[in-house]
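A.B. asks: Dock chain B against the given chain A, drawing on the hints supplied.
There are 2 protein chains.
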Amino acid sequence: MPNSPLKVVVTRDLGPDVMPLLGDQNDIDLIVWPHDRAVDKQWLLEKLPGTTGLLVMLTDKVTPEILDAAGPTLRVVSTMSVEHLDIRAIAKRRIKLGYTPDVLTDAVADLSVMLALMAGRNARQTMSVVDKGEWPNYTWSPFLFCGPQLSASTTSTQRTVGFLGFGRIARATLSRLIPFGITDCIYTSNPDSPYNPDRDAELKKEFPASLRTLKKVSLSQLASDSDMLFVLTPGGAETRHVVNEEFLKGMKKTSVLVNTSRGTVVDSFALAKALREGWLWGAGVDVVEGEPRITQDHSLVQEPKCVILPHIGSATLETRLGMATLAAKNLLAGIRDEAMPAGLDLSQYCE
Amino acid sequence: MPNSPLKVVVTRDLGPDVMPLLGDQNDIDLIVWPHDRAVDKQWLLEKLPGTTGLLVMLTDKVTPEILDAAGPTLRVVSTMSVEHLDIRAIAKRRIKLGYTPDVLTDAVADLSVMLALMAGRNARQTMSVVDKGEWPNYTWSPFLFCGPQLSASTTSTQRTVGFLGFGRIARATLSRLIPFGITDCIYTSNPDSPYNPDRDAELKKEFPASLRTLKKVSLSQLASDSDMLFVLTPGGAETRHVVNEEFLKGMKKTSVLVNTSRGTVVDSFALAKALREGWLWGAGVDVVEGEPRITQDHSLVQEPKCVILPHIGSATLETRLGMATLAAKNLLAGIRDEAMPAGLDLSQYCE
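Protein chains in written order, with the numbering used here: chain A, 11 to 361; chain B, 11 to 361.
No wet-lab data here; the hints were simulated from the structure.
Note that identical chains are pooled: a pair holds if it fits in a single copy or bridges any two copies.
Heads up, simulated DSS-like pairs for lysine-lysine below, C-alpha to C-alpha not over 30 Å straight-line: (1) K263 / K142; (2) K215 / K262; (3) K51 / K102; (4) K71 / K142; (5) K142 / K283; (6) K263 / K339; (7) K283 / K259.
If you're wondering where the values come from, they're calculated on a predicted model, not measured in any experiment.
For reference, chain A alone in the conformation it holds in the complex:
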């Protein structure tokens, strides 16, 4: 244990379950941004000199300026997200980076299933009927409010689920869908990886036998064959607007689209047009390109067949607590030169 405590800066109070993990350590001099809003850059720049560990939120850009303000004492940056970080600048300075993968898999898979159900069952329109006090105006009618059923049924025994991106969250979503009677799963993933039927056969073993097929397909087949389609691929330039007019025109009229990954993957304007013109049945999105600057005149907000949530994919009490706890543990391990529970391998950025 060093003689003088190690300085640690945390950019948000992480609540009574997590803060004691840091505050109760004898070897730490803990400094916490005291307000319930994103940290002021000026405050951060003033506190950083001599810092050994920095724990940041999604709201905080970690730039070379920030890293240089901390100076050569900085050993670790611990974060609950990664997209707001200049990873190259961190790697170049040989600073370790802790992050929180996996922890949010269940929360996002839950939300993906919820949005698929809501899109099929016209949830935004039907909730609005009640909210506006219009329920008394509707009498029962054989096909009133009807949408496509997510579950297979005796009259409709097959269901194909499609995944754009087939990582952990996609597989957790598929697991949840199996007892709804999903019979077939198709996916696309990194176009550079060659078609590998052996890998698909291996993957299929993770699921109950009621899933008849699991296979990688082309993007156009993904669009045309999916009854429900989940966008679960990383963001960035490579995947920008993969879901565009051409893709949406290829979908089934009774299908639903769910995006719980990154807003940039879907062309919002094309999706709004597709819903308006009935190329697909409905959509449920937790992310929108340009968020959070999404106002009432946004084309998707205008579209009653689009359920929109304000990016709450990982927003469960259990998951955020798990993320904050892991971030605190990464920080502690990092400043003490121990192995972090979840450190990002930065070797590819170190040339």
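C.D. replies: The following block gives chain B in isolation, referenced to the frame of chain A:
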């Protein structure tokens, strides 16, 4: 085949997939109410004399007056619901009754899962943020919009689901919840049926081994132990307001309540109070006592933690088509004195 066709009256056009089942029969004289609203009683009374088969909707009361208007030729009433029928009057006249059980199990189970997810994830509040154009006002914060997670997770490995009523729809709902990591299932059912651990052990075999327990419990234990609680019990005087203040006070603060059966089972005023005061986390209801006369000033509509849908439990294209098809087949079998695919046994009403 009889010499003169049998007169059949249908109170609503059931669409191009179902009507040919009836219209294409040589032995039938088909009369269909031509409007897209509930049938006028006067029209019905005029058409009924000499009718052999009557196919009715939820909206149509079948009273002794209606039955007498049809007269002694009436052999069968076929319906897509049963609560609007005077069953005793039908039984007394030795008329057969066809109905459509089971067909809607999957649709209602889907909706039950959807509402449980929505209640936990604060769907009404978070959707409203986007609908009102308020998303730009929110910046990320560690616990913003967080609710209890339906799925079990590494930090929270147990989940107990409770069912008030444990029939087909409840079991179909439980099946869907298993891969979310549900570990324990408790239920209450008809209080007259004695506790039977052997039956519970038999029932448990229908589900994967990851479900550790399945057992009948008292009403108070159902309230206190459930992380999510599904009301799936018949309506009527016996179950009226079983979910009342006392029951709701016993629930976990992080639990959610879902009602997809009958509005009368839940005391709406007590539920609104419970949500306002935080006795439980949230609720999702597809049915409300007094529906459809539910206006904006209703106590549950006023409560942001209550998701309300306008009774769309069976409203999927597949299910309503299945219900209409079965109703048509019951009618055909009934008028021809063949066995109906789904006839209600009226012997208990025939003394």
